[in-house]
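*Asks:* Going down the list, the protein sequences come from chains B and X.
The opening position of the first sequence corresponds to residue 19 in our numbering, with each subsequent residue numbered one higher.
The opening position of the second sequence corresponds to residue 19 in our numbering, with each subsequent residue numbered one higher.
Simulated from the structure, these hints should not be mistaken for lab results.
All values reported here derive from a predicted model rather than from experimental measurement.
Yeah, the Cβ is synthetic: ideal placement off N, Cα and C, and Gly gets one too.
A couple of the hints might just be wrong.
[Stated by the list, open to error] Across the chosen pairs, the derived CB separations fall in these ranges:
id, chain 1, residue 1, chain 2, residue 2, range
1, X, Arg205, B, Glu344, 35 to 45 Å
2, X, Arg362, B, Ala218, 27 to 37 Å
3, B, Val70, X, Pro244, 54 to 64 Å
4, X, Glu67, B, Leu107, 24 to 34 Å
5, B, Asp182, X, Gly314, 23 to 33 Å
6, X, Ser85, B, Met20, 35 to 45 Å
7, X, Asp263, B, Val70, 18 to 28 Å
8, B, Pro194, X, Arg362, 31 to 41 Å
9, X, Arg205, B, Gly277, 51 to 61 Å
10, X, Ala22, B, Ala148, 53 to 63 Å
11, X, Trp371, B, Glu344, 25 to 35 Å
[Claimed, not checked] From the structure, some residues in chain X lie toward chain B, with a derived Cβ separation under 7 Å:
id, residue
12, Pro23
13, Met41
14, Leu46
15, Asp49
16, Ser66
17, Val70
18, Phe273
19, Trp315
20, Pro316
21, Ala319
22, Leu323
23, Ala343
24, His351
25, Gly354
[To be verified] Reference excerpt, derived from the structure (chain X facing chain B, CB under 10 Å, subset only):
id, residue
26, Arg45
27, Gly47
28, Val50
29, Glu297
30, Thr321
31, Ser346
32, Val348
33, Leu350
34, Glu360
35, Met364
If you want the building blocks of each chain, they are given just below.
Number of protein chains: 2
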Amino acid sequence: MMLAPGSRIGILGGGQLGRMLAMAAARLGFDVSIYNDAPDGPASRVASESHVGAFDDLDALRDFAASVDLVKVEFENVPAATAAFLASLGPLIRPGPLALATAQDRLLEKRFFNESGVPTVAFAPIAARADLEAAFSALGAGILKTRRNGYDGRGQIRIREASDVGAAFDALGGAPAIYEQLAPFEREASLIAARTADGAFAAFDLCENIHEDGILRRTVCPAMAPADVASRAVEAVRAIAERLDYVGVLCVEFFLMPGGVLLANEMAPRVHNSGHWTEAGAQTCQFEQHIRAVAGWPLGATTRLARVEMENLLGADVGSWRSLAEQSNVRLHLYGKRTMREGRKMGHFTRIWPR
Amino acid sequence: MMLAPGSRIGILGGGQLGRMLAMAAARLGFDVSIYNDAPDGPASRVASESHVGAFDDLDALRDFAASVDLVKVEFENVPAATAAFLASLGPLIRPGPLALATAQDRLLEKRFFNESGVPTVAFAPIAARADLEAAFSALGAGILKTRRNGYDGRGQIRIREASDVGAAFDALGGAPAIYEQLAPFEREASLIAARTADGAFAAFDLCENIHEDGILRRTVCPAMAPADVASRAVEAVRAIAERLDYVGVLCVEFFLMPGGVLLANEMAPRVHNSGHWTEAGAQTCQFEQHIRAVAGWPLGATTRLARVEMENLLGADVGSWRSLAEQSNVRLHLYGKRTMREGRKMGHFTRIWPR
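So here's chain B without its partners, still in its complex pose (with noise of 0.2 Å):
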C-alpha cells in the first residue's frame, strides 16, 4: 500500500543523512519528523517536528512510533535493543532487523554475503588469540577488524607479519572480531540499490571511492570498470537485497581485483555517502529513492544525468565553501552542523561534467 502525501514519517538519527531524507520526503508531500539524542541537529531544522531522547529511552522510541505513520533509521549502528523494539512496534519499521543485525557485525555480513553467492576476502572469526594466529598462518598478511561498532576505519588493525599478531590482539581488548585477508584490489567501489517490498529493484550506476585514512574522500561516477563487472555488482546487491527481504535503499562496498574478480566487502542497510551524487546528477536521488520504497511507492528512474564527482568536505575542509561557490560546475552541499571537528563529515560538492 502506498503511503499517502500527508502522512508522518519519522526519521530516527539526526545528522546528515537524515537531514537530505527528510528533504526528500518534504518533496513527496510528507511530513517529517526526527528523533534524535541532540537538539538543533542537522535534520531536525529541515523537519516540521523533532524530539529529543536516547536510542535506548524506549518509551521515548514508543511515543515517537505512536506519533508517526511509518519509522525510518538513518544509521545502522542504532541499538540492537531499539531496533527490535521498534520491529515489534509494527510492520511498517524499516529497514527490518535482519538487515540492521547483518550490516552491525562484519561477521555476519560476510557470511551472508557469501551465503547469497557473493565472494569476498577469505576471512576467520576471532574470538581468542590462537583463533588468529591459525588465521594468519592459513590467509597472510590481513586486517584485525571488530566484529561490530566499526566505521569510517574505526577498530581495525593491518597485520604484516607474524610478530604483529600479539599486540593487535590485545588491542583490541576482548572484543569479538574478524580477520580479514588482505585484498591487492585495483579499486574500491560502490553499488547503491534499492528494493520495494514487492521486490521491484533498480540500482544506480557503479561508482568508485577514493577512501583517505579509512574515511571516504571522493566518488566518481561511472567507475571505471567494464560493463560487464558493473553487471555483477548489480546482480550482487540484488541477491544481497533478496536474501534480505530488504525494502529501501542499500549500499554494497567492492573491491575491485585484477582480472575483473569484483568482491564484496561491507554493506550499509541505508543511503551511503558514496551515493550523494545522485542528488546532484541522478532523475531521483537515493533520498527521495529510499523514502519511496519504504513508503510503498514504486522506484523512481535511477538514470544518471551527467558524469559526476563528489567529493567529501571533511573538518577544516569547510573552509573551502566560497572557493567552491565560485566554480561553476560545482553543486554545494552543507550540512548546517554547528560545530566543526577534525574528520567530521561538514558537506560535500558534487562537479558535473558533460555526458
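With chain B fixed as given, assemble chain X onto it according to the hints.
*Replies:* This is chain X only, laid out in the frame that chain B set:
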C-alpha cells in the same frame, strides 16, 4: 560580502515558493526562519523556525527581521507599507521596494519595460470611463486589467467591441486600471534569470508556457523559438534587471508574436512557477540561485541537463500522485498543503527527456 553558512535567512511567506527556497537554503548550510500569516504552512514544515503574524503587523515584522541575518520576500503582493518598512530596517532586505512596487502595478511595470528598451503591447492608463472609451477607440480589442492585486488571471476583463466598454468599466468598481491591446501571440514564454549585487547576470533557458483559465498549466523547456528570439529575451531581462538594480531571481513573461517579435507581458521579482523545472533538470535550481544572489554568493551554473516538461497539479489533480509516482520519467513534487481547493497549486511534476 558572502553571507556565511550557518547564518539565518528569514523568508516572508509560507507557501510552496518559501518551501522550495527553504530547502535550497538548507542545502547551502543556512538556517531558515519563516514568517507567515498562518501556522503550519508548507514552508514552515521544512524550516528551522517559524513565526506567525499578519503581513502588516510591523512590530512582529521588526522582531522577525531582528532575529535573522537576511530577509527574503517570497511573493510580490506583500503590502507596500510592509516592503517599505522592511527596507528601512537595513540593506539586506531583498528584493528592494522598487522591484516590488513595479511588479505590483501593471501600469508602472509596462512603462518600466518600455523605459528599459523592452517592447510591450500598446496600453493606456484607465482612471475614468472616458479613458477606457478613448483607449478602445485607439487600440481596438483588448483586456482591461486592474493595476494591482491581479494574478493567475484575476481582475481581467476582455473587451471585444465598443458595447463591452460600459460593463467592463463598471465591473472594476473604480479600481485603477490599465487597458492593454489584444496580442495575437503564437506562444507564451518566460525567462528566469538572476542578478547579483555586483551586476553578474545568468539566465536559464527560455521556456514555453501553456496557460489555462489564466493559470499556468504546463512549461516546456527549451521553448520552440529561434535562437535569436531566445537571446533577445535574455537581453531584455538583463536590461530590466539592471534598470531595477535587481538582486535575486526574476521572471519575465513574454508573448512570442508572429515574425519573431517579442513583447514583455509581466514580471515577477522572485522565483516563478515556470522555473520549477530547474529543480529537476538544471545544474543549479532557481531556488538555490535566488538564495545565492540574495546572500551575496556568485551565481551557479544554469546549464540544463535534459529536455523538461513541468506540469502543475491544480486542485483535484493532486489525486493523480499514485499514477505519477509510477511513471519512470516523472519527478513528482508535492507541497504538503493540508487542504485542497479548486485551482489551488498543490504540487507539480517534471517529465525528464534525454536531450
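*Asks:* Tell me the hint numbers this structure goes against, listed in increasing order.
*Replies:* 5, 7, 8, 17, 18 and 34
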